[in-house]
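Enquirer: Listed in order, the protein sequences are those of chains A and B.
The first sequence runs contiguously to residue 265 in our numbering.
The second sequence runs contiguously to residue 266 in our numbering.
Hint data in this document are derived by calculation from the structure and do not stem from the laboratory.
Glycine included, every Cβ here is placed at the ideal spot set by N, Cα and C.
It is possible that part of the hints are untrue.
[Said to hold, decoys possible] DSSO-like, lysine-lysine: derived pairs with alpha carbons at most 27 Å apart:
#1 A:K26 x A:K216
#2 B:K184 x A:K120
#3 A:K216 x A:K195
#4 B:K39 x B:K194
#5 B:K184 x B:K194
#6 B:K148 x A:K127
#7 B:K194 x A:K120
#8 A:K123 x B:K194
[What the hints assert, rightly or not] The calculated label-pair distances, taken between Cβ atoms and stated as ranges, are:
#9 B:G233 x A:N25: 17 to 25 Å
#10 A:D18 x B:V206: 21 to 29 Å
#11 B:G28 x A:P141: 48 to 56 Å
#12 B:I171 x A:R122: 38 to 46 Å
#13 B:G117 x A:G74: 31 to 39 Å
#14 B:V206 x A:R27: 33 to 41 Å
#15 B:G238 x A:D242: 17 to 25 Å
#16 B:I250 x A:E76: 37 to 45 Å
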Amino acid sequence: MTTTPLIQIRDVHKSFGNKRVLNGVNLDMASGESVVVIGGSGTGKSVLLKCILGLLTPESGSIRVDGVETINMPDIGREVTLQRFGMLFQGAALFDSLTVWENVAFALIQGRKMRKQEAKSIALTKLAQVGLGPDVGELNPSALSGGMQKRVALARAIATDPEILFFDEPTTGLDPIMGDVINDLIVKCTRELGITALSITHDMASARKIADRIAMIHNGRIIWQGPVHSIDTVDNEHVHQFVRGLADGPIKMDVLAP
Amino acid sequence: MFIAFIAAVGRLSIFTAMGMKHCVRPPIYLDLLIRQMISIGYYSLPVVGLTALFTGMVLALQIYSGSSRFNAEGAVATIVVIGITRELGPVLAGLMVAGRVGAAMAAEIGTMRVTEQIDALTTLSTNPFKYLVVPRLIAGATMLPILVFIGDIIGVFGGYLIGTTKLDFNSSTYLKNTFDFLEISDVVSGLVKAAAFGFIVSLMGCYHGYHSRGGAQGVGRATTNAVVSASILILASDYIITELFFSK
Ligand SMILES: Nc1ncnc2c1ncn2[C@@H]1O[C@H](COP(=O)(O)OP(=O)(O)OP(=O)(O)O)[C@@H](O)[C@H]1O
Ligand SMILES: [Mg+2]
């Protein structure tokens with residue numbers, strides 16, 4: 008990695024009120040790389056993704072995409088930058104005023120000014136890739152189960168074939184088989200289509216499958232990062248505890264009742 | 019407390035400026051604009067029409083009982099039409115629409131905020147101001163004058179109904195008294211008010227929805243705030259606009 012990274016995050020701080028969430032995050036992503044961020048619940052993984060996308064503004068630090076600083080970027084530049092990104096939100100965030108296929112085709116119709124019929128056929132293809140038939144396309148998102156909504160949101164994120172994909176817990180709420188189908192889809196995006204992906208997951212099986220590199224966030228910092236195969240041999244106690252899912256270790260969960 | 023107030027005024031000013039800025043910059047989403055116009059204009063028609071009808075009827079009775087005390091019953095028709103067009107038509111329509119439309123806007127946009135749909139819009143390269151706020155602002159400011167104009171006619175008709183059936187006015191004298199003393203500026207000032215009130219209703223609905231936080235409870239609070247603040251701003255700006263049009 009001697010070339011400039013596609014995404015370069017330096018010393019990013021973000022608080023809400025007096026609650027520090029990100030406390031000096033550093034992370035680089037090379038083009039075509041698949042990075043998985045792991046870490047306990049509430050450690051700021053989703054906040055990190057939103058900072059990179061500019062949905063939240065960090066207090067300090069630098070986030071560069073292709074060498075261009077994106078913090079406090081003017082609107083026009085932001086819109087151009089965001090066209091390169093696709094984002095799967097943790098809570099799906101589907102538009103409930105639109106049908107499923109209109110959700111998937113949204114960026115094609117509103118952003119790329121594609122004709123409806125053309126956009127619909129692309130949307131149906133993307134839905135098929137996440138295992139949803141054309142009949143689902145006509146439904147309202149509120150008529151879908153949580154796992155189906157997640158898959159629709161995934162289809163929407165990849166609809167425009169963006170260069171960079173962010174997945175916030177893509178397999179949470181899916182059954183193990185469908186989870187693996189989605190893992191395969193993400194692997195296909197990164198390995199075959201050369202897309203750069205940043206994923207968040209608690210699912211270690213999924214992380215092992217989709218990641219080139221894993222980074223662990225704890226106390227507002229990236230405390231460890233390394234290639235995926237080193238995850239079992241690393242001598243970092245935090246990572247060790249997290250990967251094994253042990254209650255005993257340096258990470259103390261705030262369980263107040265005995 | 020005072021600082022919080024100043025901060026809120028600042029946020030609202032920025033929001034208004036952003037909304038206005040995006041109103042004059044393409045792209046405008048025509049299909050969304052039309053949908054909002056129908057939802058504000060067409061579907062508010064029954065509420066505004068009924069309000070105007072009953073207001074006209076009550077006004078005729080009340081003014082009759084007042085003016086008959088100094089033998090000025092002939093003024094009933096004129097005062098009804100002036101009262102409706104200049105004042106009661108726009109204000110009551112504004113308040114009714116604030117309850118009906120402003121609340122719905124705050125609830126819809128607020129839900130979109132707390133479920134991250136507004137964030138999703140941004141990542142799908144669509145500006146939430148253009149997509150959500152601009153159509154509502156334009157639809158509010160254009161549809162309320164039309165609603166009020168129709169309401170004016172219905173209100174005057176309500177007065178006419180009572181005047182001719184209950185108060186024994188002659189039909190043609192009532193109509194003559196209605197139109198002979200009515201000035202264009204009476205109607206125009208009412209419609210200007212209506213445009214301002216429509217803008218206020220949409221602005222408050224969008225603003226409180228857009229800045230809502232904290233789940234279902236937050237959306238509920240946004241809805242209440244949208245209706246209350248729109249109502250107060252309507253009454254306050256009503257005075258200001260009346261003062262501007264007022265001449266001795
Ligand atoms: N808009 C916000 N306002 C206030 N606090 C927030 C906001 N968003 C996130 N937080 C706080 O920031 C912290 C990190 O949140 P975040 O959603 O990033 O967690 P996470 O790592 O994604 O957790 P999970 O794995 O459960 O999704 C949480 O403690 C949360 O309370
Ligand atoms: Mg999260």
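Enquirer: Are any of the numbered hints broken by this structure? If so, which, sorted upward?
Expert: 1, 2, 4, 7, 8, 10, 13, 14 and 15
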